[in-house]
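Protein chains: 2
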Amino acid sequence: MEYESIKFKDEYEGNSIETFKDVSSEHEALNARLLIQAGFINQELAGVYSYTRLGYEVLNNIEEITRSHMRKVGNEVLLPALQPVDNWKITDRLDTVSSLFEARGANSLSRENNPSRYILGPTHEEIITPLAKKYIKSYRDFPVSFFQFQTKFRNEARPKSGLLRGREFLMKDMYSFHPDKEDMEEFYDRVKNEYTELFKDLGIGDDTFFTYASGGDFTDGFSHEFQTLLPNGEDMIYIDREKNVAYNEEIATPENEKRLGVSFQNLEKVPACEVANIFPLNLKYSKPFNLTYTDKDGTVKPVYMGCYGIGISRLMGVIAEKFADEKGLVWPENVAPAKFHIVTLANKEDEESYLLSQKLFDLIGSDALWDRRNRVSAGEKLRDADLIGCPYKVIISNRSISNKGVEVQKRSTGEKFYMSIGELIDNFGGPRRF
Amino acid sequence: MEYESIKFKDEYEGNSIETFKDVSSEHEALNARLLIQAGFINQELAGVYSYTRLGYEVLNNIEEITRSHMRKVGNEVLLPALQPVDNWKITDRLDTVSSLFEARGANSLSRENNPSRYILGPTHEEIITPLAKKYIKSYRDFPVSFFQFQTKFRNEARPKSGLLRGREFLMKDMYSFHPDKEDMEEFYDRVKNEYTELFKDLGIGDDTFFTYASGGDFTDGFSHEFQTLLPNGEDMIYIDREKNVAYNEEIATPENEKRLGVSFQNLEKVPACEVANIFPLNLKYSKPFNLTYTDKDGTVKPVYMGCYGIGISRLMGVIAEKFADEKGLVWPENVAPAKFHIVTLANKEDEESYLLSQKLFDLIGSDALWDRRNRVSAGEKLRDADLIGCPYKVIISNRSISNKGVEVQKRSTGEKFYMSIGELIDNFGGPRRF
Numbered sequence: 001m002e003y004e005s006i007k008f009k010d011e012y013e014g015n016s017i018e019t020f021k022d023v024s025s026e027h028e029a030l031n032a033r034l035l036i037q038a039g040f041i042n043q044e045l046a047g048v049y050s051y052t053r054l055g056y057e058v059l060n061n062i063e064e065i066t067r068s069h070m071r072k073v074g075n076e077v078l079l080p081a082l083q084p085v086d087n088w089k090i091t092d093r094l095d096t097v098s099s100l101f102e103a104r105g106a107n108s109l110s111r112e113n114n115p116s117r118y119i120l121g122p123t124h125e126e127i128i129t130p131l132a133k134k135y136i137k138s139y140r141d142f143p144v145s146f147f148q149f150q151t152k153f154r155n156e157a158r159p160k161s162g163l164l165r166g167r168e169f170l171m172k173d174m175y176s177f178h179p180d181k182e183d184m185e186e187f188y189d190r191v192k193n194e195y196t197e198l199f200k201d202l203g204i205g206d207d208t209f210f211t212y213a214s215g216g217d218f219t220d221g222f223s224h225e226f227q228t229l230l231p232n233g234e235d236m237i238y239i240d241r242e243k244n245v246a247y248n249e250e251i252a253t254p255e256n257e258k259r260l261g262v263s264f265q266n267l268e269k270v271p272a273c274e275v276a277n278i279f280p281l282n283l284k285y286s287k288p289f290n291l292t293y294t295d296k297d298g299t300v301k302p303v304y305m306g307c308y309g310i311g312i313s314r315l316m317g318v319i320a321e322k323f324a325d326e327k328g329l330v331w332p333e334n335v336a337p338a339k340f341h342i343v344t345l346a347n348k349e350d351e352e353s354y355l356l357s358q359k360l361f362d363l364i365g366s367d368a369l370w371d372r373r374n375r376v377s378a379g380e381k382l383r384d385a386d387l388i389g390c391p392y393k394v395i396i397s398n399r400s401i402s403n404k405g406v407e408v409q410k411r412s413t414g415e416k417f418y419m420s421i422g423e424l425i426d427n428f429g430g431p432r433r434f
Numbered sequence: 001m002e003y004e005s006i007k008f009k010d011e012y013e014g015n016s017i018e019t020f021k022d023v024s025s026e027h028e029a030l031n032a033r034l035l036i037q038a039g040f041i042n043q044e045l046a047g048v049y050s051y052t053r054l055g056y057e058v059l060n061n062i063e064e065i066t067r068s069h070m071r072k073v074g075n076e077v078l079l080p081a082l083q084p085v086d087n088w089k090i091t092d093r094l095d096t097v098s099s100l101f102e103a104r105g106a107n108s109l110s111r112e113n114n115p116s117r118y119i120l121g122p123t124h125e126e127i128i129t130p131l132a133k134k135y136i137k138s139y140r141d142f143p144v145s146f147f148q149f150q151t152k153f154r155n156e157a158r159p160k161s162g163l164l165r166g167r168e169f170l171m172k173d174m175y176s177f178h179p180d181k182e183d184m185e186e187f188y189d190r191v192k193n194e195y196t197e198l199f200k201d202l203g204i205g206d207d208t209f210f211t212y213a214s215g216g217d218f219t220d221g222f223s224h225e226f227q228t229l230l231p232n233g234e235d236m237i238y239i240d241r242e243k244n245v246a247y248n249e250e251i252a253t254p255e256n257e258k259r260l261g262v263s264f265q266n267l268e269k270v271p272a273c274e275v276a277n278i279f280p281l282n283l284k285y286s287k288p289f290n291l292t293y294t295d296k297d298g299t300v301k302p303v304y305m306g307c308y309g310i311g312i313s314r315l316m317g318v319i320a321e322k323f324a325d326e327k328g329l330v331w332p333e334n335v336a337p338a339k340f341h342i343v344t345l346a347n348k349e350d351e352e353s354y355l356l357s358q359k360l361f362d363l364i365g366s367d368a369l370w371d372r373r374n375r376v377s378a379g380e381k382l383r384d385a386d387l388i389g390c391p392y393k394v395i396i397s398n399r400s401i402s403n404k405g406v407e408v409q410k411r412s413t414g415e416k417f418y419m420s421i422g423e424l425i426d427n428f429g430g431p432r433r434f
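Same order as they appear, the protein sequences are chains E and D. Heads up, the first sequence is in the UniProt record's numbering, so the first residue is 1 and it goes up one at a time. Heads up, the second sequence is in the UniProt record's numbering, so the first residue is 1 and it goes up one at a time.
The following block holds chain E by itself, in its conformation from the complex (with noise of 0.2 Å):
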């Protein structure tokens, strides 16, 4: 055994950990650079990028720990991305949605084939509302919602914000039908209070706003959005701290000062990233499809609907973005690719290093990187292991050995601790479980 890559939980042993520090400048956007140096995604075009190992543990962290909170308003489906451009008429959306995409056959061949062209889905009102129908007919069919994580298209004109606005990304949608307006806020204050404990769960819980928004031709009254405070982030929101609540620039005007109660220029002004939306989409969308239910009455009445997204792929690049420090990425721990990252500073001629790093992984191998190789500095593995961030860095090394056993580093901290293997555990836990 040569040892000469980091080997990856306890799984297939095959070479899947890179860190490419010399990334070029041309990405913009922090969270890009960042995740490509560290290795976890690789940009294939502007605003379109694949998740390699590392990226895509992440990826998936998130979207377990958003599902096991969608799961208690909504049943999971998944739509397809192709869409049947009738329905996109119907809707009047076919020629003024400017981010829209169409498939087609790509050469004379596939044409021939097939001549149609369909809708790529930004959104998945144009599928769910008719299949809606299917399900709802009378008073007694509701509420009821459906979600979806899937992959959304869209054609943005420039995107240089990482993962923060891509041409394909990932979005969980949910939508929701109700017989009038106040079941509709009610399941709308149920979902409201699940994205708040997801936030939570997510470890952005605590800069993380219930912002009013615009109603857009929505609605007379206002969408609401989740802000994540960043730096880099392309919204300006005005934060209440006290009432834990937030107005997005684009509301602050005198009129809705008085709407909401408000006065803007007393509260605090900072830029902030949209993590997930809350739409009343009312009848917008039931009317054009005649989306309508029997009512006990027996009158026959339009289902009111509401819409829930939420950015998979953004959060990623939001939460990269947000802890990120000098040294690297850091992530909060539910979401990290593994908790522990085991660094062996030693020759494999070492024995007992590696002895010990051994009996470790196979306490704690379904939840570590391990750091093996041997032809690489042990300043360049600790860089690594800073660049990757891992809540906790786990030496082994003829010091640590001579000082208990291992040295433990908090990625968030920079705290240090000598210990035993079993203080290891009983101070930090074994392996996360899902």
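Hints should not be assumed to be uniformly reliable.
Since the list gives no way to pick one copy over another, a pair counts as held whenever it fits inside one copy or between any two copies.
Derived pair list, reagent style DSS-like, types lysine-lysine, alpha-carbon separation capped at 27 Å [to be verified]: (1) K258 / K9; (2) K160 / K287; (3) K301 / K134; (4) K404 / K9.
Don't read these hints as lab results, they were simulated from the structure.
Following the hints, position chain D against chain E.
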């Protein structure tokens, strides 16, 4: 409480299960007709389906079981659907792949935003090969392989096979990289063995055969498939049951008889559906992308590649179609949307049946559907349970209560038993765990 829905597992209450008995016969494929009738999928376009709550659960079960095997032989990643046109020029496939889709702005606003066009990936050699260049430098980096679960797009001419061949479908694809042919062939065998175990886990092991097929333009030798016996399958294969191997009709030439040492006419010829393939790509993609490595002696050599596909959504169609009987779907236990389908044959006023049902659901609800509908006849409830096809139907009624407690019917054999709740758990196990 009105108990108007079938409750799905122990999570969200909203109604998400409906059966649709009057599905039009325009769905020529048995799998699509059954899955639509039973409420697992919905057709959105020719060859494009939504997975509703029950269907998503099955699709996800197949994905998770496959993942557990793939993690033993590869690194999980996620590559994008949008691919650079230039990469398809490099491999000379831009004008020759007859099912190739492209994506571009759908309206004038969008094309003003960004006039570029992209290939919508039917497969990912054009992405993974350049990406692998970042991970492969020397002979020490082998073997390495990457896999993903990803949505593929193919502009098929006339998709009429339901989930067996769609324009949008879920696929597991893996790509492996090797210093030479021998290493590739060794790895190839590891994947073959892992696939064999996978198909056992999915419940189709007995009827799935490792099959020799055409090497296409990749190799002078053969490629290989796993073919599952299926009356409506697109392929014909010759099975050698003694050697547990099969041959695709496409290679049934006198020349190949000699090469393989078999006599096709002495073998059983049957229809089957390809569920997986493994290709020796050899140098086909590493050459145009100039993917090389430095060997021990300092010489620069080309990298050998293999690729390994499994149709995840196709498997759902194959399993649905293969085990179905005149009453509906019959899911193997690992794949079923839930293990138990509790049918309460009583009005809600019938307190004893409801109390016993609730008690059972508290015990096994994490892996059960519960039909508590009031307005639906006993016969319809039982027919729906048969149509949906969970492995164990658990009927609770006055009769079952006077006969020890519950009546259990095994969907695959029709066997019926009366037993107590304790005996049910003892005999058939509790909820599944993956």
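Notebook entry, point to check: Which hint numbers does the structure go against, in order from smallest to largest?
Noted result: Hint check: 1, 2 fail, others pass.
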